[in-house]
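Chemist: With the sequences and hints as input, model every part of the structure.
Protein chains in written order, with this note's numbering: chain A, 1 to 869; chain B, 1 to 123.
One or more hints might be untrue.
Unchecked claim - Covered stretches of chain A (in silico footprint by chain B; criterion: 3 or more residues with CB under 8 angstroms from a CB of chain B, positions within the stretch not fixed):
1) 16 to 22
2) 691 to 699
Said to hold, decoys possible - Here are the simulated DSS-like cross-link-like pairs (lysine-lysine), alpha carbons at most 27 angstroms apart as the crow flies:
3) Lys35(A) with Lys98(B)
4) Lys35(A) with Lys85(B)
5) Lys89(B) with Lys35(A)
For the record, the hints were derived by calculation from the structure and aren't laboratory data. Even for Gly, the Cβ is constructed at its ideal location relative to N, Cα and C.
The lines below spell out each chain.
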Amino acid sequence: MRFPNWHHQDDELTEELRSHFAIAVQERMERGQSKAEAEAAVRREFGNELQVREATRQQWGWLWLEQLMQDLRYAGRLLVRTPMLTAVVVLTLALGIGANSAIFSIVYGVLLRPLPYPQADRVAMVFLHFSPQNAEFGTMSLADYFDWRSRNQSFEDPSIFTFGRFNLAGVPNPEQVSGASVTSGFFSTLRLKPLAGRFFAPGEDAPSSPHLAVLSEALWRRRFGSRKDVIGSATNINGEPATIIGVAPAQTHFPRAESELWTNLQLVPPTRRGPFFYRGIARLKASVALAQAQAEMNAIARQIEHANPGTYSQLIMPVVPLHDAIVGNVRRALLVIFGAVLFVLLIGLVNIASLLLGRATARQREMAMRVSLGATRSRLWRQLLTESLLLGVCGGAIGIGAAWAGVRLFRSWNPSGLPRLDAVRLDVPVVIFTMVVSLVSGVLFGTIPALQSSRPNLNAALNEGGRNMSAARGRRARNALVVAEIALSLVLLVGGGLLLRSYLRLSRVDAGFQAPADQVLSLRISRTETKAEKAAVGIAFFERALDRVQHLPGVMTAAIADGLPPDQQADSDTFVIEGQPWTQDRFPSTTLVSVSSDYFRTLGIPLLRGRTFTKADREDSPWTVIISESVAQRYFPGEDPLGHHMKMSSPTLSRIPYMEIIGIVGDVKYTALDSTSAPALYQPFTQNYDSRTWLVVHSSIPPATLTRSIEREIHNIDPEVIVNRVNTLEQLMSDSVEQPRFRALLVGAFAMIALTLAAIGIFGVMSYSVAQRTGEIGVRMALGARRIDVLRMIFREAIALALLGIFFGTIGALVATRSMTKLLFDISSTDPTTFLGVGLLLAIVALIASLVPAHRATRIDPMNALRCE
Amino acid sequence: MPAQPAMNQMKARYQNRIEILQGTLDLLILQTLQWGPQHGYGISQVIRFKSGERFDVETGSLYPALHRLERNGWIRSDWKTSENKQRVKQYRLTASGKKQLVNERSRWERLAVAIAGVLSPQE
Numbered sequence: 001m002r003f004p005n006w007h008h009q010d011d012e013l014t015e016e017l018r019s020h021f022a023i024a025v026q027e028r029m030e031r032g033q034s035k036a037e038a039e040a041a042v043r044r045e046f047g048n049e050l051q052v053r054e055a056t057r058q059q060w061g062w063l064w065l066e067q068l069m070q071d072l073r074y075a076g077r078l079l080v081r082t083p084m085l086t087a088v089v090v091l092t093l094a095l096g097i098g099a100n101s102a103i104f105s106i107v108y109g110v111l112l113r114p115l116p117y118p119q120a121d122r123v124a125m126v127f128l129h130f131s132p133q134n135a136e137f138g139t140m141s142l143a144d145y146f147d148w149r150s151r152n153q154s155f156e157d158p159s160i161f162t163f164g165r166f167n168l169a170g171v172p173n174p175e176q177v178s179g180a181s182v183t184s185g186f187f188s189t190l191r192l193k194p195l196a197g198r199f200f201a202p203g204e205d206a207p208s209s210p211h212l213a214v215l216s217e218a219l220w221r222r223r224f225g226s227r228k229d230v231i232g233s234a235t236n237i238n239g240e241p242a243t244i245i246g247v248a249p250a251q252t253h254f255p256r257a258e259s260e261l262w263t264n265l266q267l268v269p270p271t272r273r274g275p276f277f278y279r280g281i282a283r284l285k286a287s288v289a290l291a292q293a294q295a296e297m298n299a300i301a302r303q304i305e306h307a308n309p310g311t312y313s314q315l316i317m318p319v320v321p322l323h324d325a326i327v328g329n330v331r332r333a334l335l336v337i338f339g340a341v342l343f344v345l346l347i348g349l350v351n352i353a354s355l356l357l358g359r360a361t362a363r364q365r366e367m368a369m370r371v372s373l374g375a376t377r378s379r380l381w382r383q384l385l386t387e388s389l390l391l392g393v394c395g396g397a398i399g400i401g402a403a404w405a406g407v408r409l410f411r412s413w414n415p416s417g418l419p420r421l422d423a424v425r426l427d428v429p430v431v432i433f434t435m436v437v438s439l440v441s442g443v444l445f446g447t448i449p450a451l452q453s454s455r456p457n458l459n460a461a462l463n464e465g466g467r468n469m470s471a472a473r474g475r476r477a478r479n480a481l482v483v484a485e486i487a488l489s490l491v492l493l494v495g496g497g498l499l500l501r502s503y504l505r506l507s508r509v510d511a512g513f514q515a516p517a518d519q520v521l522s523l524r525i526s527r528t529e530t531k532a533e534k535a536a537v538g539i540a541f542f543e544r545a546l547d548r549v550q551h552l553p554g555v556m557t558a559a560i561a562d563g564l565p566p567d568q569q570a571d572s573d574t575f576v577i578e579g580q581p582w583t584q585d586r587f588p589s590t591t592l593v594s595v596s597s598d599y600f601r602t603l604g605i606p607l608l609r610g611r612t613f614t615k616a617d618r619e620d621s622p623w624t625v626i627i628s629e630s631v632a633q634r635y636f637p638g639e640d641p642l643g644h645h646m647k648m649s650s651p652t653l654s655r656i657p658y659m660e661i662i663g664i665v666g667d668v669k670y671t672a673l674d675s676t677s678a679p680a681l682y683q684p685f686t687q688n689y690d691s692r693t694w695l696v697v698h699s700s701i702p703p704a705t706l707t708r709s710i711e712r713e714i715h716n717i718d719p720e721v722i723v724n725r726v727n728t729l730e731q732l733m734s735d736s737v738e739q740p741r742f743r744a745l746l747v748g749a750f751a752m753i754a755l756t757l758a759a760i761g762i763f764g765v766m767s768y769s770v771a772q773r774t775g776e777i778g779v780r781m782a783l784g785a786r787r788i789d790v791l792r793m794i795f796r797e798a799i800a801l802a803l804l805g806i807f808f809g810t811i812g813a814l815v816a817t818r819s820m821t822k823l824l825f826d827i828s829s830t831d832p833t834t835f836l837g838v839g840l841l842l843a844i845v846a847l848i849a850s851l852v853p854a855h856r857a858t859r860i861d862p863m864n865a866l867r868c869e
Numbered sequence: 001m002p003a004q005p006a007m008n009q010m011k012a013r014y015q016n017r018i019e020i021l022q023g024t025l026d027l028l029i030l031q032t033l034q035w036g037p038q039h040g041y042g043i044s045q046v047i048r049f050k051s052g053e054r055f056d057v058e059t060g061s062l063y064p065a066l067h068r069l070e071r072n073g074w075i076r077s078d079w080k081t082s083e084n085k086q087r088v089k090q091y092r093l094t095a096s097g098k099k100q101l102v103n104e105r106s107r108w109e110r111l112a113v114a115i116a117g118v119l120s121p122q123e
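Modeler: So, in structure tokens, the structure goes:
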């Protein structure tokens, strides 16, 4: 490959020199010399034409390019001549660079990229943490907010919000969107400017303020065709008329990525401390540090606790930077995954280093030869550098492609429901950084050993053909690399193993229902109703809907419930048992589910005592409640709970009646599969009506085929009812463990890659070792060693390396997996089974990887081996 | 042996020869081109003639120097066909080459004065 310009210049030089020659000859001939004489004289004068050309060419400043081309051609030939080695190195690099760039892009996007709000680092969220609820980032009540706001010094304008799902009316496409109800300072806290219209003005969260709505850019475009005249127009949200006042810019992904609508809260002064629906968000005043704000919140929390001794104990109000609050628990998982992928890169690098080291040792003779032929050290450096660069560029190119595809796949799949996915994109600096790291290490390991031979002791290198001291040094270095590789793989494998076992245990947890999960369909049914509408209208709707659905062919039973296993908890509240002394500590917030009479039968939840609800349990009949087994055990030890009375909330809340306990059912998990206990209370939906609930259908035919007809039946009764989130219970179960599964799969996949790389590394080292020891093995066999002895010798070497690696790896894993404790379910981070199993696996892999080299060793012909020597 | 007389002849010539001082070849070339465009061989002949056969410009120095000067923009080259149909590459001085020549000359003159001062008998 040559550059046209350069080629041309080269031709010109040739012609120039030729004309010089011709003129000189002609002049001499004019002075009377014969042609032959003249030519000979000029040739003499001229000197070595090649040297002249070379010296002239140097002036063009292109010599380096020419040499680079030479080096590239040479490197290319070399790489093609050893296709296996090249393929392994390039693929390892591609994998390392690809996986690292993809994962780091995700980590960077989620954890590090600044939020799209001006000075977002000055914004914090405020939570409520108290006993007995003990939610790490618990929510506050309106009363807490009022106390905070009136005492606040640190924040500019304390705001609160609560998540909401909003029914947007419209036939034929009623729609439900996710969003939040917020106080008037919400958008100014985020320093957002409306894309159109305006945001809430101060005071628009007063009790009497009209219903207002801010649309997301996406909703505005999708549902309103980006029309400006939508601003100021009336719409219907959750059955209430509301005025659209503005559109939020596209980057507004708060409080959730999918938030599309924000309404104004109406802050009616509360009569009690509860319900706990609200999260605080506020911007720090210019001169206030986060720690100062936290100190002030601690003081406020103490005052609130003193004023409300029955409600709170150990009350704190954590102030969490907005970014941390959004990222939340994803941070740890992402960091573990990132750690895993770094390990893969590290192992890959070690592998490449080991492979190149082997090749470099083998090339010492070549290098020595070149030096003795006059190559300068810098020239050798350049050549080796070119080779490494060529490898790196090939690997990097494939790697970047892989990373790009990986990030795209991840964005469209988002297996673990990551927040801030919009901030994830392939990060070019990261890609470059990873490539540079790979290249530099490749160059270091590939070049230094080779260059050792350019030191003075040329004779030794040339004479002994590499079987000398530096070869032994090279072998020791490779052994050390393989030990490191095995150790690193062990750490990864243990991590992956722990996550996998943890996931398997989690997925085998009994959620408490016995119906086959793939036979139960669940659909979210949301009725849009006005405040004026009586609950009876809604109850009648659901009873009619249930009746229609129950008569569909293939439906065995159908029921409604506003909570579902394994993690669709709808409501939870404290409660009171008649005749038992009440403290909030003793009656912590407990899952409360409103169900129709066939719920327990539909899901196969066992009735242990008493009866389930019947159609006779109506609004106006005596209130009844069914308790779960663990509630019975805790509050009625050695006593029959049936016939006792209890009520929700607290004794002071007198509006609600006591309910009679009529039955005890098995425990069902409503908060998560990994929750330790599952206390739950059930009420008939007629006595605790909710306009949004789940329809569950146990069918004898594939449930998905029922979806259409169920939707049709419901829309026949009321076309404005929203039916969405259609799943089988099996899917709900599976979705609830998606994050652990994703972590286990990803880290597991990385661990398998690591194992493969380690196997390649062991194979390489053992092959090299056998090749180096050909003579020795020949001697041994000539002296009577049997094949089995040779085999044993090679295996012993492999096992020694493996054991050393396993030893160091175990130490590393014990340290590394401690950071994973919070991600594990029902398994210790030092689980001996996992450690032993992984160790054994690695030992076996080491043996298998040395099988081929060992076999090769046994086939060494003593005569040949000795003759070569 | 035919090589013998040639060797003697060369030796004789080399006795009169002075090494061109490092860095002065550029000056000589620029000076030569001041009198008009010239090709490589012509330049070497002019220098040889003007130095009273004392300076022998080797091709191995001449062409690298020409190409270097051209790259610096001090001379320019073009192809001409001579009377006897020989295509030759001619070099000519550029404007900045003229400036460079003035600089080089004054540098040389200062150098010569300085060296003469050092070498002159003490007063």
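Chemist: A separate judgement is required for each hint: does it hold in the structure or not?
Modeler: Comparing the hints with the structure gives:
| no. | hint | result |
| --- | --- | --- |
| 1 | 16 to 22 | holds (count 5) |
| 2 | 691 to 699 | violated (count 0) |
| 3 | Lys35(A) with Lys98(B) | 39 angstroms, violated |
| 4 | Lys35(A) with Lys85(B) | 18 angstroms, holds |
| 5 | Lys89(B) with Lys35(A) | 23 angstroms, holds |
Consistency with the previously given hints fails for numbers 2, 3, ordered from lowest to highest.
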